[in-house]
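Build out the structure end to end from the sequences listed, making use of the hints.
Protein chains in written order, with my numbering: chain A, -17 to 96; chain B, 707 to 819.
Take these hints with a grain of salt, some might be off.
Taking lysine-lysine pairs in the DSBU-like style, the calculated list, with each CA pair at most 30 Å apart, reads [stated by the list, open to error]: (1) B:Lys762 <-> B:Lys774; (2) A:Lys6 <-> B:Lys748; (3) A:Lys60 <-> B:Lys748; (4) B:Lys748 <-> A:Lys50.
If you're looking for bench data, these hints aren't it; they were derived computationally from the structure.
So you can see what is in the structure, the chains are spelled out below.
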Amino acid sequence: DAGVIQSPRHEVTEMGQEVTLRCKPISGHDYLFWYRQTMMRGLELLIYFNNNVPIDDSGMPEDRFSAKMPNASFSTLKIQPSEPRDSAVYFCASRRGLRGETQYFGPGTRLLVL
Amino acid sequence: GESVGLHLPTLSVQEGDNSIINCAYSNSASDYFIWYKQESGKGPQFIIDIRSNMDKRQGQRVTVLLNKTVKHLSLQIAATQPGDSAVYFCAERNSGSARQLTFGSGTQLTVLP
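If you want it as structure tokens, here you go:
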């Protein structure tokens, strides 16, 4: 299995621009998680999905952030408009079922907003 | 003064020695724990997990110990190698929290030649 796939791996953009991060979970995994990692705050859960349905988005910082999962093999995290404080590494992770406790992380997208 | 970032605990060990990385968790209702390893520029990588009905679990060169009385988790790495240099995170899952993981701040392990 290729593991969790994220794209792009690096993104540099200017303040005010829209940013879209993409994730392909491991096949057969029905939970998908989006995390943000910064030096200031560590690893933070933003939102997670079960069977393509958002379950808990309480970690999403504000309305500028949105996430979708149109099907079992694809999810997006969008920031519009982006701000310099959004600069971070964004990770996607997936997991199989309630008994499949282990989350497997993707390589992350390093976002820099200038 | 204002903190400019997380102050990760650090651990330096000589190559070949054993390493012990500690983690204190806060929620006595947590029933599942994971250790992750994160190398520079990469995502967290699963190392080993343990459920709350166990107090010890062994993997290849790694052992996790769980002390529920004092809410303490440790990761032991035997014969530490240069490739073990990374940040190590513990994560806990609260059985009543819709099965989310809560991550600790991490420990930076540096293996000295």
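Checked hints:
1. B:Lys762 <-> B:Lys774: With Cα atoms ~11 Å apart, Lys762 (chain B) and Lys774 (chain B) stay inside 30 Å; holds.
2. A:Lys6 <-> B:Lys748: holds, 17 Å
3. A:Lys60 <-> B:Lys748: holds, 21 Å
4. B:Lys748 <-> A:Lys50: Within the cut-off at roughly 24 Å; holds.
Every hint, counting from the list given before, is met by this structure.
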